[in-house]
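Same order as they appear, the protein sequences are chains A and B.
Reminder that position 226 of the first sequence reads as 226 in our numbering, one-by-one numbering, no gaps.
Going from the second sequence to our numbering is simple: count from 1 and add 307.
Everything labelled a hint here was simulated from the structure, so no lab data went into it.
Check the hints yourself; a few may be wrong.
Said to hold, decoys possible - Sample of chain B residues at the chain A side, in silico, Cβ under 8 Å:
no.	residue
1	452
2	455
3	562
Stated by the list, open to error - A short, non-exhaustive set of chain A residues, derived as facing chain B with CB atoms under 8 Å:
no.	residue
4	11
5	20
6	22
7	23
8	152
Even for Gly, the Cβ is constructed at its ideal location relative to N, Cα and C.
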Amino acid sequence: MHRYILGRLASAVPTLLIVVTVAFFMMRIAPGGPFDRERALPPEIEANVLKAYNLDKPLLQQYFDYVGNLLRGDFGPSLKFRDFSVNDLIFGGFGASFQIGSLALLLAVLCGVSMGTVAALRQNRRTDYAVMTFAMTGIAIPNFVMAPLLTLVLGVYLSLLPVAGWGGGAAANKILPVLALALPQIAYIARLTRGSMVEVLNSNFIRTARAKGLRERIVVVRHALRGALLPVLSYLGPATANIVTGSVVIESIFDIPGIGRYFVHGALNRDYPMVMGTVVFYAVLIILLNLVVDLLYAWLDPKVRLD
Amino acid sequence: MAGLPENAAAAGEFDEVEGRSLWRDARDRLLRNRAAVGAMILLSVIALLAIFAPWLSPHPYDEIYWDRIQAPPDFANAHWFGTDGNGRDMFVRTLYGARVSLMVGILATGVSLLIGVTWGATAGFFGGRVDNAMMRFVDIMYSLPFMFFVILLMVIFGRNIWLIFIALGAVEWLTMARIVRGQTLSVKRREFIEAAHAAGVGSFTIIFRHIVPNVLGPVIVYMTLTIPQVILTESFLSFLGLGVQEPLTSWGVLISEGARVMETAPWMLAFPATFLALTLFCFNFLGDGLRDALDPKDR
């Protein structure tokens, strides 16, 4: 087990290096630069600015400098948000994104799995159709429509909740963004759970469990759910990385100080260190979460061996 | 000899009961699925509306009516869906949005299909080191954030709508490649592939003539689920202001404009959002129906 984890972490190093290399050079090949404005800077000033950020050195030299700094945990300065380092921005904003994201995920897993399970148990009956229609709606309505609608109904018409803003992290301010973020995920997870649950409920070991007289609740929760959760788990790995790194849409609609916007703004403004920071941060999360998923897989499914 | 005509008649009867192919079976199962058939009909209606959009309304899609800015739906002036903030007819703009959104969906999915199927089938067929290297590449692409790619491709290609299609397709092929590779691994050990090898057929002919047609089932299913995914991505990009440019429009552009004024001009959000949701609904129902039809043991 420990050796397996260490092995996986060791093999993540070359993967990360390739990710860094690909992203670094792809970004530099793209036209435009961080200091392009409507009005061009005078050449002397531009040269000075480039020099200040070491952007005047040969590209290869910059690449090795960057990797060197990265090994020391330094993402470099942001070119767009002056006086801030990318470390400050990413780790400063991650708190808010992580809170919203993890609450949304928790809600999505709880609701999605239970709805999917109920639908599978009542297959092709009214409850099943109701759950699946709800799930389809969650998928078919994009979150930049859902979020304003929720705001309009719960925030403006009923005045139950604050419409936007972070409010210093007050609980009431988190309800709407969490809900808007969770709804499509609930839909996906419910569909996945229902599909695999239907399959598992028809398998032989469930018939055996029922034949030996176990109560239905134990059959479902302890025997069936364990197998049915496997596809959900593989979905959750990358989904978690996507959700906890913040959603640009949700963060801009609800005005949340998270990191989702950096993914977009960095690339749009050619803020090279910011783009690299978000790429590395995301890649590390994906690699770690995939490892966690594989460990959980082995725990849930005794047929899976880690080696 | 008297029995001969009878035999011939009997033989004729046998001819009528032809063996049913896998595809015909699947089609029959699909046509029995009411949700899928309804989805197909509705999608055809939306597609026809989109194609014939210029002839369905007296208004051109970019004509500005200064005296009717953000006007609610009204039948006297044939603004069935009202007008937008610039005084342009929403009905015809919604249908023009359908043109762009549907084309983005279909073309980008086509690109992802082309790359994904070729990549996955090649990796699965050759196996070993080639497979390792190719799938490792897919893993690495997976761990790059999606937004990074799309925005990067868009700044490289500028705001050209045809290149947006290609950019989206170039991002969406990864899952397709994984699915095709998995299927190829199970098909390539079968006897008919061995027979093709024995007959001296070249590798690439085997891949495209013998393997690809046999992995088409899951590919078609995933394709119908990719189209709505791409349409959503396009509308998301439009929401960020990266989509198609004025005066051309897409559902995403219309929805993001409508969401801003949903309190004062709800029709600007309601109509494009309904069209988008209906289309996504239909593609998902169709995808589910196709999966049930092509892979009956899944249910």
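These are the hints, each one checked on the structure:
no.: 1; hint: 452; in the structure: 4 Å, holds
no.: 2; hint: 455; in the structure: 6 Å, holds
no.: 3; hint: 562; in the structure: 6 Å, holds
no.: 4; hint: 11; in the structure: 10 Å, violated
no.: 5; hint: 20; in the structure: 10 Å, violated
no.: 6; hint: 22; in the structure: 7 Å, holds
no.: 7; hint: 23; in the structure: 6 Å, holds
no.: 8; hint: 152; in the structure: 6 Å, holds
Taken one by one, the earlier hints fail for this structure at numbers 4, 5, listed in ascending order.
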